[in-house]
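A.B. asks: Each chain is listed here by its residues.
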Amino acid sequence: MKQGNIKVALVGNPNAGKSTLFNALTGLRQKTGNFPGVTVEKKSGTFRIEGLESPITLVDLPGTYSVYPKSRDETVVMDILANPKHPDFPDVVIVVIDASNLQRNLLLFTEISDLGIPTVIALNMLDVAESMNLNVNAVQLAMQLHVPVARINARTGEGVVNLKEAVKQQLGATEKTELRYFYEPKGSEVELIEEVKEIYNLDNDYVALQYVCQHDNFSFLEQPARTKLDKLIDKYSFDENHFLASETVARYEKIKPIVSKAVKSAGPTQAPFWTRKLDSVLLHRVWGYVIFALVLLLVFQAIFAWATFFSDWLDVSAAQGIEWVKSAMPEGVLNDLITDGVLTGIAGIIVFVPQIAILFGLVSILEESGYMARVMVIMDKLMRRFGLNGRSVVPLISGVACAVPAIMTTRSISSRYERLLTILVTPLMSCSARLPIYTILIALVVPSTQVFGVFSVQGLVLFGLYFLGLVGALGSAWLLSIFIPRKEPSYFMLEMPSYKLPRWGHVGFSMYESVKSFVLEAGKVIMAISIIFWVLASYGPGDRMENAETQVVSRMNAASQEEIDAAVASARLENSYAGQFGHFIEPVIKPLGYDWKIGIALLASFAAREVFVGTMATIYSISGDSEDVPTVKQRLVQEKNPDTGGQMFTPAVCYSLLMFYVFAMMCMSTIAVVYRETHGWKWPLIQLAYLMVLAYASAFVTYQLLS
Amino acid sequence: MSARTVAKLRKGETGVIKSFSDRAMSLKLLEMGCVPGCEVRLDAIAPFGDPVCINVGGCYSLSLRLNEASVIELE
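For the record, the sequence lines run as chains A and B. Position in the first sequence counted from 1, then plus 2, gives you our numbering. Position in the second sequence counted from 1, then plus 4, gives you our numbering.
Excised from the complex, chain B in its bound form (with noise of 0.2 angstroms):
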């Protein structure tokens, strides 16, 4: 079974960071502040299911393309 993915989460689900499987994309995560052990949250689809809004830690609200959500793994 493949890693389970923002990109996979319902909406309203919550997750916990783990890792990135994509490290050019993982820099860019990490400075927006999606680190390793913080709880994020899907809030919104956009219309046709890409892109989508995540909640990060609590703090702020981060919209991703689903392959950019893919890269971020949950525990």
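Just chain A, with the same shape it has in the complex (with noise of 0.2 angstroms):
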């Protein structure tokens, strides 16, 4: 038997329970990453079997319901399946199979056993197969298709002991028993796989066929091999898609007599209780509504609400902690480096997580317990009238916290137009790090009453600051349909899952990941800008600076101690590289009402928007706890335009720059996350160039109709 590096993959239909098992298997002994040169999640882990010494890898791949993939994801499955030179490629694999459906599950398992690889059956759901009145006769299965097959429940760990056993009794088979092959090649197919086999030195027939099929998703075929590949798909006049149908249909012809054998129906099948009643209500042409607006509420409620109590609390936690460090050190250049610059980058990006944490537990709370294919059913028409998916309903509403998890959770859309829409406009969405500015600039210009009693005007701006996102990604999304033309038709096909309680450790482990992701993807764009704009605001051309703060103190012998650091680190800021470059684009942000001052924040928000306010305290000069949004305001209100001698905040200028941040696409991390998930540059930047007008010209309109 093999010792050591042995390797077990799991293969399954989505919603069969991979997953879970995997976590059965592996229990806390896993760790996330992704496969070897794409960017595809890949889940591993470690279990061990009585007897044998080294523990087992376990690679979790993702679901699908074919060797044929349909999405992205999917590709991974037969690039590492048909490549035993792939560091993942199993010794054995575990196809998990859904018992309350098996003819459709064991399409896919017909397919992985023809390739050669020992294979193991996990059989799992019996518990809602006999709900459902079929008894499937694990006995029986194994018989016909010449496979172990272990009775498992995944959720409470039952049989896992006996899939062990069968996966250590497969490893153990060291005569290569002949392969029998589900699907056997008919007409030309088997010359073509003859061939194929000969160039390749391939000896499995069905690998030959993925070769022919599938050569241009492997990874580890060169140019000249696909081009090779595609002139024998001539030479045979083969018909890939009629292919696929016809062995598909053959492949079901085989299944068919061997599940009427292993399934007896005790009585007329049908879908759970729970499932039939709340799909009635929750699909309802009103009620279906109604709940889903609740249930988007009630996630706002956690975003704004709850979360708040969280960051709030960080903020604070942080500002001190900077403060504590400023003084434990002795002071200088690399103090204000690891202070200003470095820990201020890593507290703007802590802000974040219990927003962002709150926010993907709920929606793995939702996706668990199957709700989300419902919402994904009954928004699916109003998102195809924009040229989207209603899969694009779970981006969107995540992009309320952050776009950067958000893009992530594109994956699951399988038309590869209709993800890169979603990823196209979903920074339209008003993530939480425009809340700061939102707020400021709306405490300046609204007014603080109420409307009807109930309603404050500053409340109805906020949500209509969020409503014009919403419009503005629908509608981009729309504009972005005409002009990018769509290669391949649009898909909805989806499973809905029957209800289920929410798996909890899976929950957390959801949030846990999508922080993770957070924090690595957006801190460290966020982190290196922070310390970019510190450098650049901290030194200037020649010995400007220096000069400038001597005349302030010359000038203002008078004042207080504290009145005249403020107006220093306002006079170096002006003559800073940072300052430099505000002067710089002002004539180019002029028609929008800005001036040099706000040129600035413009630029540091790019690295995260919430630095804008931050920004704007310095340069105003603002002593004291800077990031107060009463003191903030306060001196916003009392700053003069230079030109007018009038205020330089007015209504114009303040929507103006509301509308300018609603629709830019200011954000370092969600530039570098489109540009890793569609694999170039060619996205972000028109993505980045399609928002910078929207933004300008929104904000131009703006400034010129209300000054």
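It should be emphasised that the hints constitute simulated quantities derived from the structure, not laboratory data. Fair warning: there could be bad hints in the mix.
Said to hold, decoys possible - Partial list, computed: chain B residues near chain A (C-beta under 10 angstroms): (1) Ala7; (2) Lys22; (3) Ser25; (4) Ala28; (5) Leu33; (6) Pro40; (7) Asp54; (8) Cys63; (9) Tyr64; (10) Arg69; (11) Leu78.
The beta carbon of each residue, even a glycine, is placed where N, CA and C say it ideally should be.
Using the supplied hints, reconstruct the complex from the two chains, each of which is provided in its own coordinate frame.
C.D. replies: The structure is reproduced here in structure tokens:
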């Protein structure tokens, strides 16, 4: 028997219980990463089998209905299973089968089995099958399919010992038994297979067929090999679409008698009682939307009210921590770099952790329970009008917390085109980083009065901005769908899982994962930019900054130390590289009503939008607690426009800024994640450009109309 | 008269799959378990009439757009 470095892969249909089994087998000995060379999330872990010395590595492959991929994630499955040299190529494959839907689940099994890799069936969801009056005979199934079958309950961990035993049995099978193909090639397919097998030195018919059908997805094949295979396809006039359909039908022909022998029906089969009852309400033409609206309201309430409690606490603690470090370290450049650059950057990142954790916790509960699939159904027709898909709803909702993890959730959209459109418009959803900017600008220009006694006008304006973001997202999707040609038809086809109680472990894990991806993805960029901005703001050409400082000090000798410090900071910033840049871009932003000071804040907020408020505080030399909104507000009200002598922050300027921030893609991390998800600079740059044009144009129109 | 398809089913009505009128779509439908000879029942219709939810072979519930449902021809 093989010892050491044994690898096992988990394969199965979506919703068959693959992830639950993965958790049951590995427990906490798991980690997530990416599959080599592609950005598809890979979950791997280890488990032990009694009698085997070293632990076994378990890799969870993306859920799929067949070996022919329908989304980018699914291409990984065959990229590994058709390539014995792949570092994740398994010694044994566990195919997880949903017993309540045996026929469809066995399709994937027969395909995997034909690849010639030793296989074990984990027969899951027998309880569900029983509640549907289906009795599945595992022994009968094992005899018919010539494969070990272990009855398991992934949720309770029942039967896992037997599954391990079956894996061990397959590992111990030294003699390679003659493979019984479930699909037998017909006609010219036979010769084609023989030729491919000879060229690429393969010994399996079905792997050879995969070379023919899927070579463009195989990362291990070079371009010449792909061209050669294309030529072979022409030579044998192999019609791929026709072949795939007839292969699948032939497999079902084989499966059908097996299923009818193994499954005994104890009465009329029907969906579980609660699923039918809940569907009649949740898909209802009125109640469906009412309940969805209530769920959304709850989600917003959680992000904006409940999460604020934690965010504020983190904010205050972080500020105190930074103060402490500042006083504990000797004064100097290093102190400033660490406190004003690095630590301020980190603080700016962790403040958003509560919102992201809560939002993704809730989204995960909705997905786990089966409700999200219903939301996709009731939203599909609306989304389709804008070139999107019902599946786009999840990223758009998530975008309200942060576009970075939201864009990662688009991976579940199988159509590349609709996925791209969703990625391009998700940043238009007003993320939580925009909230501080909205808050301060609204406080400046909108009276804190109430209408109808209940709604505060400020609250209504805030709601309006979020709504504008949504309108912007849907409108842009519609416009983009006109300009970007659709190369493939749009599909919906979604399996409706039965309603289940969420598995809290999964919910916790999903919260952890999204926070991790935010901290690592967005965090890196925010951190780098805040250090760069610190350098730009702390140094200037020649000794301009020092000269400006001396001038201020000599001019203000009668003022208090605090006032002098604030004035010095402001004068230094004006003469720094950042200040120079602000002056440099002033002609461009003048038509929007902005001066060079706002220009600096715009530049700084490119790292992360929330930096805007802090930078404004520094530019306008606000001493003391510079993040304190009332203080910043008071100072901004006093600011005079040097040209007119009137107030600088007029309603026109404030609304223009609001419009700019609703639409602008002022976020490096989002650009970075779009680059990663679309594999190139083309789409992030197009996205940046169209959103900048949109932001500039709407800010321009707003300012010109109001001033 | 055009063929009877899943898109033309009324709520609660059943039919048996005969064939598919679109080849690219048929592969996806086959992989999702919609096999000729299999009985389907229209369980739910989303607000605004599209998509619809069908029960496939008594096993599970599948949601389809009307244009996808119209590909499935019934006996």
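A.B. asks: Does each hint hold? Answer for all of them.
C.D. replies: Verification of the supplied hints:
1. Taking 10 angstroms as the C-beta contact cut-off toward chain A, the hint placing B/Ala7 at the interface is violated, the least distance being around 18 angstroms.
2. Taking 10 angstroms as the C-beta contact cut-off toward chain A, the hint placing B/Lys22 at the interface is violated, the least distance being around 13 angstroms.
3. Proximity of B/Ser25 to chain A is violated relative to the hint, the smallest CB-CB distance being about 13 angstroms (cut-off 10 angstroms).
4. A distance limit of 10 angstroms between C-beta atoms decides the matter here; for B/Ala28 the minimum to chain A is near 6 angstroms, and the interface restraint holds.
5. Below 10 angstroms, beta-carbon pairs count as interface contacts, and B/Leu33 has one with chain A at about 7 angstroms; its hint therefore holds.
6. A least Cβ separation of about 7 angstroms between B/Pro40 and chain A falls short of the 10 angstroms threshold, and the interface hint therefore holds.
7. About 5 angstroms separates the beta-carbon of B/Asp54 from the nearest beta-carbon of chain A, less than 10 angstroms, and the hint is met.
8. The interface hint given for B/Cys63 holds, since its Cβ lies 4 angstroms from the closest Cβ of chain A, which is under the 10 angstroms cut-off.
9. Because the smallest distance between the Cβ of B/Tyr64 and any Cβ of chain A comes to about 5 angstroms, under 10 angstroms, the interface hint for this residue holds.
10. Contact between B/Arg69 and chain A, as hinted, is supported at the beta carbon level, the nearest pair being about 4 angstroms apart and thus within 10 angstroms.
11. Taking 10 angstroms as the C-beta contact cut-off toward chain A, the hint placing B/Leu78 at the interface is violated, the least distance being around 17 angstroms.
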